[in-house]
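Take the given structure of chain A and dock chains B and C to it, following the hints.
Chains as they are written, first to last, in our numbering: chain A, 1 to 644; chain B, 1 to 518; chain C, 1 to 119.
Worth flagging that the hints you see were computed from the coordinates, not collected in a lab.
Since the model is a prediction, treat every value here as computed from it, not as a measurement.
For glycine and all other residues, C-beta sits at the position ideal for the given N, C-alpha and C.
The reader is advised that the hints may include incorrect statements.
Stated by the list, open to error - Listed next, the stretches of chain A that the computed footprint assigns to chain B, with coverage defined by at least 3 CB atoms under 8 Å from CB atoms of chain B:
1. 166-178
2. 410-421
3. 461-471
4. 628-638
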Amino acid sequence: MNAAAVVHWSEGGQQVVSDATGVFGLTWLLIALPLLGAVVLLLGGRRTNSFGPLLATALVGVAFLLGLVQFLQMVGEPAADRSFAQSLFTWAPIGDFSVDVGFQLDPLSMAFVLLVTFVGGLVHVYSLGYMANDPDRRRFFGYLNLFVASMLLLVLASNYVLVYVGWEGVGLASYLLIGFWNAKAEYATAAKKAFVMNRVGDIGMSLAIMLMVTTFGTTAFSGVFSGVEQASSGVVLAMGLLLLLAATGKSAQLPLQAWLGDAMAGPTPVSALIHAATMVTAGVYLIVRSNPIFDLSDGARLAVVLVGVLTLLFGAFVGTAKDDIKKALAASTMSQIGYMILAAGLGPAGYAFAIFHLLTHGFFKAGLFLGAGSVMHGMDDEVNMRRYGGLRKAMPITFITFFVGYLAIIGIPPFAGFFSKDKIIEAALADNVWLGVAAILGAGITAFYMSRVVFMTFFGEQRWADDVHPHESPRSMTVPMVLLGIGSVVLGYVLYSGSRIVLWLEPVVGPEEEHELGIPVLAITAIIIAVTLVGVAIAYSMYLRKPVPVQAPLGTVVTRAARQDFYQDAFNESVFMRPGQYLTRFLVFFDNRVIDGFVNGSAALIGGGSARLRRWQTGFVRSYALSMLAGAVLVVGVLVLVRL
Amino acid sequence: MMPHLADGFTSPTFEYQLLAPMLIVFGGAIVGVLVEAFTPRGPRRTVQVALGLVTLVVAFVVLLAVTRPKLGDLAASGTVAIDGPAVFFQGTILVLALLSFLLFVERGVDSAGDAFTPSGATIPGSASERELVAARVSQTEVWPLALFSVGGMMLFVASNDLLTFFVALEVMSLPLYLLVGLARRRRLLSQEAALKYFLLGSFSSAFLLFGSAFLFGYSGSISFTGIYDSLSSGVGLDPLLLIGTGMVAIGLFFKVGAVPFHSWVPDVYQGAPTPVTAFMAAATKVAAFGAMLRIFYVALGDYDWNWRPMFWVVTILTIVVGSILAITQTDIKRMLAYSSVAQAGFILTGVTAASDSGLSSTMFYLVAYGFATIGAFALVTLVRDGTSEATHLSRWAGLGRRSPIIAAVLSLFLLSFAGIPLTSGFIGKFLVFEAAVNGGATPLVIVGAIFSAVAAFFYVRVIVLMYFSDPPDDAPSLALPGAATTLAVAVCAAGTVALGVVPGPVIDLAQEAAAFIR
Amino acid sequence: MNPIVPILFLGLLAFGFAAFSILAGSLSGPKRYSRVKLDAYECGIEPTPQPIGGGRFPVKYYLTAMLFILFDIEIVFLYPWAVAFDQLAIFGLIEMLLFILTLGVAYAYVWRRGGLEWD
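The shape of chain A in the complex, shown without the other chains (with noise of 0.2 Å):
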């Protein structure tokens, strides 16, 4: 990586990176240290039993104070200056083009270094009680190690060969932990599910790959920049689709939205650190990343918001039906990560905001999903929310933490979520009315569900078995939702305030576009919290002036089909499986029987020679041959029609 190269120019200026040194060049420590927990424990066998769950969460812990050092490093140096590449060795070369592993570690990485570092550090130190007797816990802290390794190499990837490797590490860590408890067979298929969208994500990420590989020469992040600018308009907008397809599979994104509700069959940790606050996200690192590219296509942009607006309405609507507190959850995460798809779609007026709901996310959720792991742990793993009611007694710590959570999601100020959510109606309305309108809709719904989930659990009669003690959970667990809980409160206005995250992420997303909006913002403001109001207001007259049945009532037509993901299955089945089926069955069957049924008819053809013909022909060879001379006379055919 040369000294200084000029990464990529944008409106506001360019952002330069320079050689990593000092306390920067100990970036590849902050992947190699997780790496090395994940080989010792997968590979030490029974003998890392005691030590390895400890060792897992102090390297994770050291990979955070490393960050830390790192960004209060990175605050001090002025803010041009804050990038810095490091270039380990050539990992491939292939002629005049290379891969190397390099990392860039700028303020948009060194966000995700925190947020992966911290969060993920709090949810080792939360499964060192939720795990406790779990007789295969070092593996499952193995493949935590393993996560947050990739986690990081993808954000820290200077090129999007290396992204490509640890988005393929993040995906594989999530597929193990899924399927962690593979005991049971519907988890089994929750894993396979989530590995078959991801890869259909992936052929986008691949293709995109490629297309630079011929358009640039390089897959470098600054070599791509530099380059986007002269290449095609249609080049830019086919880059920017592909990349748009592999977030949609990795963020769970309509259309490849489906896994994301069964992958909640994992250990609820999992939940917490893979499928709410870090890698879900990374669909949007992707995008905010590849800004330079997404900056010149407008069509490409569109799709983005297109994708984001429908998906925060899909999940809200969905989340509205789950009676399965953490697929209720799931359902709140993929909304949720489209209104970040949706604010990352807007350009530059909406990049930095769209890290900024995706760092508050990271907090809240994480805390919500340690809450609902925490109540799980109270009620005998018992998920379904009809059978829960009034826990706030039984569990104060985790009911407070819970609703911190709440307000923070449903964006009650002065709460995490508020500032962040808040920016990015703003900037939607700013964009198109209507799409303004889809967010403030999206918001009301939020809050209805949240309301509906945390009356349910925490509020009104106990609905619990007989046999059922809830308790509170032990220390190990309780601290981290804390922490977490915290987070949710102080953290939007931190970020907030003095429009820090904007002019952190200025050096790689540009600055933030003005936008005029009609009404005053404090209007815009009002409208979205008496909408949220009005949300909670009906899960209140729902869910805790009448009492909730234990049965799931039957409920309307749209109920029944938010309960059922608006068909999602059904829709994959009928569109995608069905025809692949069949496909396939008909390959089968011209390879048994109508090469063969072909012989047998054009033997009959020769006339009473039929019977002669089987005689010399014993087996199926015949049809084989048959097919190699079809082949012969294709092979000439194309090679003559070439000719023609």
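For chains B and C alone, kept in the frame of chain A given last:
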């Protein structure tokens, strides 16, 4: 450079140093035949095993030490080209053959002995067969046969004229036809497979030979250099060239198992003794692709705008049909067979690039593919129902819980086939796709990328089955691999990981070597 | 003339010959089928019924025939060498000796493993 009687007869030259590795292998095979003739039955197998392994090792050492420093020359009067690709492929074939030989040696996994029938001439299930099994006799002709085949492969990738090319093809194939029929278990299936392979193989050889005749008719020369020269001078009848190119391609497509010349692959891979399947799937494919690259890049190098569209069609068909048919397979050997068809499609993507990077990426892919393939088939030999291999996929359910190591290593190989990063398969796919894109074959890459996702499905299906399903009640027994199999699997696994994590040295090697001489 | 015409002509000629032979045979010959006539020609051995489950398929005849062909071909290869052997000089002599030696190895194998014993 062919000797012509008319203009003064020149005595042929014969560069022994360049040809030494091949001569050693053939020599070893001939000594093996003598051993068969003169050694008493008792120590015969030991002698053959030692002879086989030593021959391969010595040939490999000589290849590196003597041939490699001198490469870049035509040998044996221009009939053999010892250039970078030839030596690279010869080395690869020797290594893969050595790994397969380790599987041939294994006697620990089947209670009755190695994977081969005690006597191919006995009738399956007859009394004389039982006698021989009880006496623990083994069919030691396997060793010289395999050595002859290896020698043929080495000559195949280096042959520089049509005659040598054809002779090498036959030397490589004939022993394979026999080896396929020598399975100890399910002998009827094995014999059927051998017959099918032989018949279809002869059919394809006929195509190839006929095509060679056309090429000769076009150019008036059997040497690849001569054909190339006549292409640039433009003499000769065009249709001859066209038909010749097509027919030679058909012969080679058959050997690599490309669609629609793939129908033999599943039957033969399933029927053959599994170590032989591993040998065929890995080494034969390397040899056939090596020869394909040479004839199309050297002899028809300036003609690529004519043959590339035909390769496009076959490549797409191969990837699509191979991947889709693999999905419905219920037998692991058949699944791996269709997977190897699909893999051939990915390798063809690199060949289609028709450039130096196409050559080097194909070379890398073949190495990566060879390791993973031998490893995967080696593991198939370990899971057994009573005495036979339990190849039905349902029998593999829950293996992850019963034998985590076997399941984990097989998962590694499958993930490599699927092209997951940090395995050799990812680098291989990346390289061939990159070469194809630069060679102007972007649509091929799109098809390849989409179907690598489809392919991921059936690889993952096996992994899911192993880890997430309950084992059947009468779960198959797991044979404890002997030292030989363990060594082979370990080398393959290490190679798969190493080529995925630090592929640099091998990529460099392939790029350095990627220059044909004419 | 289009260069493809001679090739087509050759193909037609080959096809025509085959068609003519079959047609002429079936038209001109008497049609008195018997079991023996309908059997496939298999070098003097009844192809059906196959000796299943009991005796072996007698291959002695094939072995001898095959060996004969092998050494026949050896002579064929010796012939061109004999024509040019003075030009090939010592190199030709050594190569030819190696060739014969190789065949000798095969011969030794057949002999030692009992391939030459009729009973």
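Results for each hint:
Evaluation of the coverage hint for the stretch 166-178 of chain A: fulfilled, as 3 residues show C-beta separations to chain B shorter than 8 Å, against a requirement of three. With 0 residues having a Cβ less than 8 Å from any Cβ of chain B, the stretch 410-421 of chain A misses the three-residue criterion, and the hint is violated. Counting residues of the stretch 461-471 of chain A whose beta carbon lies closer than 8 Å to any beta carbon of chain B gives 0, which falls short of the minimum of three for the stated coverage. Restraint check on the stretch 628-638 of chain A versus chain B: 8 residues with Cβ-Cβ distances below 8 Å, three needed, restraint holds.
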